[in-house]
Amino acid sequence: MANQQSTSENPRVDLDYRRKKNAEDMRYQVITFSLMIFLTLIAFAAVGFGDLSNWFVVPFILLLAVVQVIFQLYYFMHMSHKGHEAPQLFLYSGVLVGFITVLAFMTIIWW
Amino acid sequence: MSTYAQKKGVGAVLWDYLTTVDHKKIAILYLIAGGFFFVLGGLEAMVIRIQLAIPDNNFVSAGFYNEVLTMHGTTMIFLAAMPILLGFMNAVMPLQIGARDVAFPFLNALGFWLFLFGGLFLNLSWFLGGAPDAGWTSYASLSLASEGHGIDFYALGLQISGFGTLIGGINFLVTIINMRAPGMTYMRMPLFTWTTFVASALILFAFPPLTVGIFFLTFDRLFGANFFDPTMGGNTVIWEHLFWIFGHPEVYILILPAFGIFSEIISTFSRKRLFGYSSMVFATVLIGFLGFMVWAHHMFTTGLGPIANSIFAVATMAIAVPTGIKIFNWLFTMWGGSIRFTTPMLYAVSFVPSFLLGGVTGVMLAVAAADYQYHDTYFVVAHFHYVIVGGVVLAILAATHFYWPKMFGTMLNEFLGKITFWLFLIGFHLTFFIQHFLGLMGMPRRIFTFLPNQGLEVGNVVSTVGAFFMAIAVIILLINIVITSVKNVKVGNDPWGDGRSLEWAIASPPPFYNFKQLPLVRGLDPYWIEKMEGKKEMTPAEPLGDIHMPNNSFIPFMISLGLFIAAFGAMYRLDYSWGLPVLILGLLVTLLSMFTRSIKDDHGFHIHKEDLIDEDKGRKA
Amino acid sequence: MHAEEKMTNETWPASPEKATLEAKNKFLGFWFFLGGETVLFASLFATYLALKDKVPTADHALSKDLFEMPLVFLMTMLLLTSSLTSVYAMHHMKNFEFKKMQLWLGITVLLGLAFLGFEIYEFNHYVHEYHHSFTSSAFGSAFYTLVGFHGGHVAFGLLWIIVLMIRNSKRGLSLYNAPKFYLASLYWHFIDVVWVFIFTVVYLMGMVG
Chain Y
1 MANQQSTSEN
11 PRVDLDYRRK
21 KNAEDMRYQV
31 ITFSLMIFLT
41 LIAFAAVGFG
51 DLSNWFVVPF
61 ILLLAVVQVI
71 FQLYYFMHMS
81 HKGHEAPQLF
91 LYSGVLVGFI
101 TVLAFMTIIW
111 W
Chain W
1 MSTYAQKKGV
11 GAVLWDYLTT
21 VDHKKIAILY
31 LIAGGFFFVL
41 GGLEAMVIRI
51 QLAIPDNNFV
61 SAGFYNEVLT
71 MHGTTMIFLA
81 AMPILLGFMN
91 AVMPLQIGAR
101 DVAFPFLNAL
111 GFWLFLFGGL
121 FLNLSWFLGG
131 APDAGWTSYA
141 SLSLASEGHG
151 IDFYALGLQI
161 SGFGTLIGGI
171 NFLVTIINMR
181 APGMTYMRMP
191 LFTWTTFVAS
201 ALILFAFPPL
211 TVGIFFLTFD
221 RLFGANFFDP
231 TMGGNTVIWE
241 HLFWIFGHPE
251 VYILILPAFG
261 IFSEIISTFS
271 RKRLFGYSSM
281 VFATVLIGFL
291 GFMVWAHHMF
301 TTGLGPIANS
311 IFAVATMAIA
321 VPTGIKIFNW
331 LFTMWGGSIR
341 FTTPMLYAVS
351 FVPSFLLGGV
361 TGVMLAVAAA
371 DYQYHDTYFV
381 VAHFHYVIVG
391 GVVLAILAAT
401 HFYWPKMFGT
411 MLNEFLGKIT
421 FWLFLIGFHL
431 TFFIQHFLGL
441 MGMPRRIFTF
451 LPNQGLEVGN
461 VVSTVGAFFM
471 AIAVIILLIN
481 IVITSVKNVK
491 VGNDPWGDGR
501 SLEWAIASPP
511 PFYNFKQLPL
521 VRGLDPYWIE
531 KMEGKKEMTP
541 AEPLGDIHMP
551 NNSFIPFMIS
561 LGLFIAAFGA
571 MYRLDYSWGL
581 PVLILGLLVT
591 LLSMFTRSIK
601 DDHGFHIHKE
611 DLIDEDKGRK
621 A
Chain D
1 MHAEEKMTNE
11 TWPASPEKAT
21 LEAKNKFLGF
31 WFFLGGETVL
41 FASLFATYLA
51 LKDKVPTADH
61 ALSKDLFEMP
71 LVFLMTMLLL
81 TSSLTSVYAM
91 HHMKNFEFKK
101 MQLWLGITVL
111 LGLAFLGFEI
121 YEFNHYVHEY
131 HHSFTSSAFG
141 SAFYTLVGFH
151 GGHVAFGLLW
161 IIVLMIRNSK
171 RGLSLYNAPK
181 FYLASLYWHF
191 IDVVWVFIFT
201 VVYLMGMVG
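Residue numbers (the UniProt record's numbering), protein chains in the order written: chain Y, 1 to 111; chain W, 1 to 621; chain D, 1 to 209.
Please note: incorrect hints may appear among the correct ones.
[Unchecked claim] Simulated crosslink set (DSSO-like; lysine-lysine; CA at most 30 Å straight-line):
id, chain 1, residue 1, chain 2, residue 2
1, W, K24, D, K26
2, Y, K20, D, K180
3, Y, K20, D, K6
4, D, K26, W, K609
5, D, K170, W, K600
6, W, K25, D, K26
7, D, K100, Y, K82
8, D, K180, W, K600
9, Y, K82, D, K26
10, D, K6, Y, K21
11, D, K170, Y, K20
12, W, K535, W, K24
13, D, K52, W, K600
14, Y, K21, D, K170
15, W, K600, D, K64
16, D, K100, W, K600
17, D, K180, W, K24
18, W, K516, D, K26
19, Y, K82, D, K6
20, W, K516, W, K536
21, D, K99, W, K25
22, Y, K20, D, K100
23, Y, K20, D, K26
24, Y, K82, Y, K21
25, D, K99, Y, K20
26, Y, K82, D, K180
27, D, K99, Y, K21
28, D, K99, Y, K82
29, Y, K21, D, K100
30, W, K609, D, K100
31, D, K180, Y, K21
32, D, K26, Y, K21
33, W, K8, W, K516
34, D, K54, W, K600
[As the list claims (entries may be wrong)] Chain D stretches covered by chain W per the calculated footprint, using a threshold of three residues with CB under 8 Å from any CB of chain W:
id, stretch
35, 34-41
36, 137-146
[To be verified] Residues on chain W that point at chain D, a partial pick, calculated with CB under 8 Å:
id, residue
37, F104
38, L204
39, P208
40, F219
The set of hints was computed from the structure by calculation and includes no laboratory data. Glycine included, each C-beta is placed from N, C-alpha and C at the ideal position.
The whole structure should be built from the sequences, with the hints applied where relevant.
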């Protein structure tokens, strides 16, 4: 419709900068990926090899999952970039509603 | 535009509406379909009231009564109230923010056709072996035991129409965030746009739990799953939770747009800026937020335990605070205003005390300990009819009169409108006020008859008389619509003379591109601001240029038709050998239609600047 | 600049997924859809947790009897890696390198297909070895619905990416199809997000009992 303008008004200058920026992004993403694999390994190891109490293991692997998902959202899905304010608001609202649902199902369904 | 529009044949008009992606035409479709279901639900209500007019009545059988009662609730909530409100949102909200269309015109059409096919599917149950009979809440233990296919019609029909509503919600959210005209900041949006926004957010988060719950019900009944079967480890309370996690926000999805409509009407006909605009916005958002924290107050007697009951009781009472803010703001808007009692204003003025009554009984019901006494009695019936009819239906009737000129270019007759109003208001209070006392006297809800000499006769007969008042009111409204359409006296941009927001700045009905040039918004109530400075129209924010418009499409119809066919297949899979192939065929139709949409490029078209100028000359000549 | 215009490396904007109004709308609408999907999966998780190990008689298999770590680990690695490969694809999309984007999307699809294959094997294994089926218990219904909904999302995501790859194979990137690729990749990441919780809540927590 009205504002279908390109965001790159000075393409020549843009090009180099863009490549650099994208390459930098990519580096972060590879680091993120390694961290995610690392967290997954710890989670599996905690369950598979550790002689740990369930009271420790369950919260621990849940925490790892949450950290991993935050990485996924902010780096792989670019939620750290600007222009993601509305997506953040709505995603977190969804998380809140979902959390309350899970909480209710784990606490007040006991039959 | 108007010159060749009149020459179109019936077939062309029909095809135009089947393929339209124009938000104003989709609004009309929502209004027609929702109006049809509203009349249907009303007839079901009349059957209920006739059956209960006298003790030991046998107007209908007990089984049929259950079906009528279930379909009355389901139809009114899912197929009448919500679609009609979605219709007004479609008609008005894009105009109020100064947009040329919604963000996703294609999805807008898809949302409508999914709703319509879902609604038709649900109502075909009357002709195909009996309607659902487990109440609109369809609690699992009861709905699993229900014989025949009634509940399957309920589950599959609501699933299809629910997808449509979800799509509509996302569409409105994006429209409001991305498509506002220059200068239309969030805090300059009219309150109807704000309530549309919050209601759409509620749709987005409330419908998924319903989707999941209905999937479970469908799987249990048709595919051998055991979610709700205690003998297999299942748990029926899961349905209750999922249903009410959806169901409570759902009532706010209905009431918030109603609040928005009344805010517009009250400020227009008090000829004053809405009192406490920012607190109104704040209260709307807060009601939306709290709406997700209170669902278990429908389940106080389920046995959740005292702690859960207390938490949900307190959360429920907290909602009275933002609602109270709104009530006072409406009163203060009227206070000192130069009020004109037009038909919409009459509805608005009577809404405040009517809705307040429903709100007060709501706080009574929120007291968990007392709720053990009220639960499943007519007291509850009276309460929710006071909020739904006294709030939502009054708003729908008010908006019908208020926005009719904007949607169709003609004014509904004010005299008939006022008769409709008085008959409806009197009928409404006659029907439901006395039900509070019937409930306190112990009359259980959903009962198909009652015994004589228990003191319930007078109350029930009064209630039935009131229902007839409402029925006559609706008939007069229909007559009014017919007369107005036949006379076809066209009106100008601002037929009420006191329009404040952008929709009143353009022609009635607006041209299909809405705004030739996007308007510049300089504050809250932008059209009012311009009028106060002696101008007749908005200052444009852009030079006249080409306008990009979306193409019409038949694909939304086909996607919805596919699911409609698939639902029959799923339902009859166990009864007939053709069930499974039909299920697969239906899903294929849907998937192939989506595939076609995906691979066929659709860039829309442009209206050229020259044509816009020509058209302008043509109108003046 | 219109969406259908032929682009070059020089005219390609920095955020092609949000360069037109239509693209901005899609981007926002899709994120909102993911917000709704979050609630959908939360409801499925909640039900699974409420019905976990709820079986009619003692001879039914429970979660600690069923799940085996090697298979779950393998599936997790496949899906996590596919998330990285789709990030690579989007990296090349932003650099206007169509061929490389297609290559990485292709790898993503292969990884996704492998994941789906293992999931089918896994379900088949449970049904035949443990008589743990969709209809055998409430636990079975909840398990297959939760994991099956995720599997259905994987299958739909694969179809989506394949259709996009084939449809655009001959005509390269434009501002019309770049948002489509971007959204498909967002969807794919979201599938991965859900899987992180499935392997943690269903499988790992199932193994510890």
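- Query: If you draw a straight line from the CA of Y/K82 to the CA of D/K6, is it 30 Å or shorter?
  - Reply: Holds, at about 27 Å.
- Hinted pair D/K26 and W/K609, Cα distance within 30 Å: Given that 30 Å is the threshold and the Cα spacing comes to 27 Å, the pair holds.
- Task: Examine the stretch 34-41 of chain D for residues whose CB is less than 8 Å from any CB of chain W, and state whether their number is three or more.
- Result: holds (count 5)
- 30 Å Cα cutoff - pair Y/K20, D/K6: Judged against 30 Å, a Cα distance of about 24 Å means the pair holds.
- Message: Can you confirm whether the C-alpha distance between W/K25 and D/K26 stays at or below 30 Å?
- Response: The given pair, whose Cα atoms are some 23 Å apart, holds under the 30 Å limit.
- Message: Check whether the Cα positions of D/K26 and Y/K21 lie no farther apart than 30 Å.
- Response: Judged against 30 Å, a Cα distance of about 24 Å means the pair holds.
- Supplied contact hint for W/F219, tested at 8 Å Cβ to chain D: At 7 Å from the nearest chain D Cβ, W/F219 passes the 8 Å test, so the hint holds.
- Task: Compare the distance between the alpha carbons of D/K99 and Y/K21 with 30 Å, and conclude whether the hinted pair is satisfied.
- Result: Holds - the C-alpha atoms of Y/K21 and D/K99 are around 20 Å apart, at most 30 Å.
- Compare the distance between the alpha carbons of D/K54 and W/K600 with 30 Å, and conclude whether the hinted pair is satisfied. 48 Å, violated
- Query: Is W/K535 within 30 Å of W/K24, Cα to Cα?
  - Reply: The given pair, whose Cα atoms are some 27 Å apart, holds under the 30 Å limit.
- Message: Holds or violated: D/K52 and W/K600, Cα atoms, limit 30 Å.
- Response: 45 Å, violated
- Does the interface hint hold: is W/L204 within less than 8 Å of chain D, judged Cβ to Cβ? 5 Å, holds
In summary, the structure is inconsistent with hints 13, 15, 21, 30 and 34 from the numbered list given earlier, while agreeing with the others.
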